[in-house]
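A.B. asks: Listed here are the chains, written in short residue letters.
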Amino acid sequence: MAEKAIEAKKKGQKKSSEDYTYVGMVFHRLTRHKLAMVGAFMLIFILLFVFAGPLIWRADPNAQIEGLGGMFNLPSRAHPMGTDDYGRDVLARMFFGGRISLFIGFISAISSTIVGAMVGLVAGYYGGWADNILMRFTDAMLSIPTFPLLIALASVLGKGVWQIILVIVFFGWMVDARLVRGLVLSLKEQEYVEAAHAIGASANRIMWRHLFPNTLAVLIVSTTIGIGGAIIYEASISFLGFGVQAPFASWGNMLQNAQQFIWNSPRLIIFPGLAIFLTVLGFNFFGDGLRDAIDPKLKL
Amino acid sequence: MRDYIIRRVLGMIPLILIVMIVSFGIFSLVPNPFAALIENPRIKKSDIQRLIKAWGFDLPWYLRFFKWFSGVVHGDWGPSLLYPGSTARDVISRALPVTVRVMGIEFLFALSIALPIGIISAVKQYSVTDYIVTVISFLGMSMPTFWFGLLMMMLFSVVLKRPSGMPLLPPGGIITPGLEEAPFWAKLGDRAQYLVMPVFVLAFSSVGGWARYMRSSMLEVIRQDYIRTARAKGAPEHTVINKHALRNAMIPIVTLVALSMPGIVGGAAITEHIFNIPGMGSLIIAAEIKSDYPTAMIGLLLTSILVIVFNLVADIVYAWIDPRIKYS
Numbered sequence: 001m002a003e004k005a006i007e008a009k010k011k012g013q014k015k016s017s018e019d020y021t022y023v024g025m026v027f028h029r030l031t032r033h034k035l036a037m038v039g040a041f042m043l044i045f046i047l048l049f050v051f052a053g054p055l056i057w058r059a060d061p062n063a064q065i066e067g068l069g070g071m072f073n074l075p076s077r078a079h080p081m082g083t084d085d086y087g088r089d090v091l092a093r094m095f096f097g098g099r100i101s102l103f104i105g106f107i108s109a110i111s112s113t114i115v116g117a118m119v120g121l122v123a124g125y126y127g128g129w130a131d132n133i134l135m136r137f138t139d140a141m142l143s144i145p146t147f148p149l150l151i152a153l154a155s156v157l158g159k160g161v162w163q164i165i166l167v168i169v170f171f172g173w174m175v176d177a178r179l180v181r182g183l184v185l186s187l188k189e190q191e192y193v194e195a196a197h198a199i200g201a202s203a204n205r206i207m208w209r210h211l212f213p214n215t216l217a218v219l220i221v222s223t224t225i226g227i228g229g230a231i232i233y234e235a236s237i238s239f240l241g242f243g244v245q246a247p248f249a250s251w252g253n254m255l256q257n258a259q260q261f262i263w264n265s266p267r268l269i270i271f272p273g274l275a276i277f278l279t280v281l282g283f284n285f286f287g288d289g290l291r292d293a294i295d296p297k298l299k300l
Numbered sequence: 001m002r003d004y005i006i007r008r009v010l011g012m013i014p015l016i017l018i019v020m021i022v023s024f025g026i027f028s029l030v031p032n033p034f035a036a037l038i039e040n041p042r043i044k045k046s047d048i049q050r051l052i053k054a055w056g057f058d059l060p061w062y063l064r065f066f067k068w069f070s071g072v073v074h075g076d077w078g079p080s081l082l083y084p085g086s087t088a089r090d091v092i093s094r095a096l097p098v099t100v101r102v103m104g105i106e107f108l109f110a111l112s113i114a115l116p117i118g119i120i121s122a123v124k125q126y127s128v129t130d131y132i133v134t135v136i137s138f139l140g141m142s143m144p145t146f147w148f149g150l151l152m153m154m155l156f157s158v159v160l161k162r163p164s165g166m167p168l169l170p171p172g173g174i175i176t177p178g179l180e181e182a183p184f185w186a187k188l189g190d191r192a193q194y195l196v197m198p199v200f201v202l203a204f205s206s207v208g209g210w211a212r213y214m215r216s217s218m219l220e221v222i223r224q225d226y227i228r229t230a231r232a233k234g235a236p237e238h239t240v241i242n243k244h245a246l247r248n249a250m251i252p253i254v255t256l257v258a259l260s261m262p263g264i265v266g267g268a269a270i271t272e273h274i275f276n277i278p279g280m281g282s283l284i285i286a287a288e289i290k291s292d293y294p295t296a297m298i299g300l301l302l303t304s305i306l307v308i309v310f311n312l313v314a315d316i317v318y319a320w321i322d323p324r325i326k327y328s
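Here the protein sequences come in this chain order: A and B. Counting from 1, one number per residue, gives the positions in the first sequence under the working numbering. Counting from 1, one number per residue, gives the positions in the second sequence under the working numbering.
In isolation and in its complexed conformation, chain B is listed as follows (with noise of 0.2 Å):
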């Protein structure tokens, strides 16, 4: 087991270097944009070269490479074109918490519903709760979550109001402005309304795959031959489903969801980009289109190694809950 997980966290090292090189070579394609300033006449030549050798844009490609991974190796990212004096470290140090606030609280609710669901639709295969199963499931995993985003703003922020005129949730942030400072209670209720809708919407896309693949998989086990000799020796039905079947149609489900991490950091960026969420996502999707590369190049290789070592430890999960499984 020790030697399995030294494998495989050296195994992580080029896997970090190769997204590294791809989020890199992909900002590498951006022509010198200091190049556009020498046509205005307003701005010193001097300066131009300045800001071009500090960005590293008189070096062929190759050696800015060098010269960004030193600087990432050494916690140096970079200055944020985004917020002008401030550095990529510093913005990036405010959005990662939220977005794993947000996520953490997505993931819970998601598969707290997901996994019972897909078990009961399982269990009764081809009954009416499996096909509205099905079919709901069908539908989460079909919606487009920025349009599922705006349909839930349009009717809990527009058409829906509260008494005091107020929409019945807030449209995006993630906090009432001036309750910064209010007691734990009164601030944890203001955060948690701001958090329904995003959670909402981006657990109604990965429960429709979670819930499909128990179903499946629960499925497949009930078949087996020990479920049938557990049932032979007058087991009773809910401990044959919960301590027979269950615990071994668990064991993929481990696996799945750490290879669905990538979608959920995936579409959480533009559920934060909608709803106004201060996190990664949104950072990075703002940061491209404000063209400033180093936060979004030194973001995407955060939520990347986020992804690598989430997956590691799906993987240390599961050779520890399945005894089967070789380490060799």
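One chain only, chain A, in its complex shape (with noise of 0.2 Å):
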């Protein structure tokens, strides 16, 4: 569709295709993307109900509010979405776990981005005997399933935001990591690699320099995608109590903390849960339409 917009424009109009930059045609065709848009706005919206909403909605996420009345409050206008069962406000720990999840994701989707891409290069670029530890490296670490070891890891290391983002990375590389080695092995083969090559750039300058900002519109639309299946990892660990602790609020812990008042209080799962799956629908549409637009043959 976006290549016949192009050609339209071509034929006696303002703007040929010569015009359009690189990144203008992607963003050109990220636009006529329907399911993009959509999931740009619920990004959109979600940034600004997690870093707007504490400017107008001003509570405290951890302040308490004594006796039994202030426990599992309904929605009301002094509590929007209600009190929780130590009577927290849960607008305001919706916004600060927001936060807390959002960061998370980001954080551990680009580190393990950068990670499989460093496994990835040197693989595809060194070859031979590199190339096959690293690959069977990976192949053992994707065989595992994830989810109880990122449970065994974040027992043993501990409790915390960086624990957490450390345990996502180190079960997160692999996909990418493939992905960049095989580019690379195409990438490598041609002329301007030889090149390189040939006015004596080093092994390093090659990978970093020349090879790896090709990878890129690859490895962004994979990290876009990244960033929601690591919200779900961070909800998930945190959901059985190994993530984020209290006081602290994350979307995950909301939900840990509510699963024992489900027969009564069952809005306290609701709202958590919707964010995160709006949160992580927004990612995927995003990046899908990110794909498509970067390259529609892409598997990912």
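Lysine to any residue pairs mimicking SDA-like chemistry, simulated, CA-CA at most 20 Å apart: (1) Lys34(A) with Tyr131(B); (2) Lys161(B) with Asp190(B); (3) Lys161(B) with Phe261(A); (4) Lys67(B) with Gln49(B).
Honestly, the hints are just simulated from the structure, not real lab data.
These two chains come separately, so use the hints to put the complex back together.
C.D. replies: Have a look at this one:
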């Protein structure tokens, strides 16, 4: 569709396809992708909710209302989403829990992409035994059921935001490594790499200055989709009690608390879960559109 | 072909070794659990020494690995701390069949939904059906399984009730107590009730990805020249789709399904935990929560081996159904 639009413009109108830079063309295609735009608006809404929300609704997420009357309040003017089992304002906890969940999602998705890119670059560029060892290791890591191992490592490393990020990165780099290796295998045969060799560029320089930038488009797509996955992992770890610890909120540990009140306060489960679901959905929609805009044939 | 299979089976050995090292490595980070006991004046020092020796904590970590390794190879998997009195082996042999059964049913159910809807949405690309399938697939991929499980539980076990006042579907477990000796059909019906929610929750998350993949694989095949040839020679549309396109589009699905195994086992872990199904996933999680490391390590190792074997089978099937693949 995008190509057609570009061609239509080529015939007699102002812009020709040469006027588009690469980024411009990707952006152009992206704005025509309906689901991607839905995803983008969902993400903007969620970011506003989480970051601008506390400026408007100034409640302390950890302040408890004393006495039995403060617990399990239904939504009202004083507490738009009600209060939880400790009499804390649920809306304020949603803001601050969301910040932590998004922070963990972003940092761990970006870090796992970097680790994966390094492994993939080295394996693809050097080939031979380095490739063999690294890829066997990647295969082995891919065959271990992720979730039980996440819990194992989280229980050993201790409970904190940085520990969770480390755990998610440790089990999240493999797909990127395979992806980058595949790209590098074909990129390194191209003439510009030979030219770089010829003028005496070092292996490091070729890998990071010549090969890595050419894998970047693909890595951006995989990071976008990876953020959604990382948010779900964080929520699952926190849900089982190995993640972000009380009194700090994350969407995952709000669900963990709420689980025992499923019979009488279902809204405590619905709000944080819905937030996780919509955020991940937003990242998936947007990531899918980004992939179509960058390279529709890409398998991710 | 035979050489290919032999080479692949030999290739499993380093994989399993790496998996063993990783699962042992993670649990070896645990500090000596008996050191804390020394503080307790009611436990004799000699007893603590005996425990430390029996568990190998007097050895450096690499020797401990070999001790564990030889134990695993000889079938001596150590005692279970979670269920005192049983060995890890007993505990696992109870849990493994449960997981295999739940996963098997989920697997067939998800495939029988994902493949047809993927094909339909490829054949009718950009139709309303295609959009609906796409959106539902994304919902499934983005839904945290544990939250979806809780929502289902709220709907079918809290809100919806039978006329007798019992919940419509049981919230957890695998069988109604007292029905263990019931006639075959009554038992089957009872067990089926317990499986409805977990199977649906698990399937919803895998259907999305598979249907999307089936769609893109089918779209790629439909654009090929040989499909145009089939249409040009006057073959009816359903023959073109079912005979020419589908067979070729199915080939990459085998790999995808194999690759999603660890994810299913992982997702099953938390779903098993929520629905209280005594399978491998919930066993490993419970073992980790209660610091029962022997059971957790061996459970992790066995599920990984299951995944590796499954991948191997998928690769062999792949080579077998696609004559273009070279074995060398």
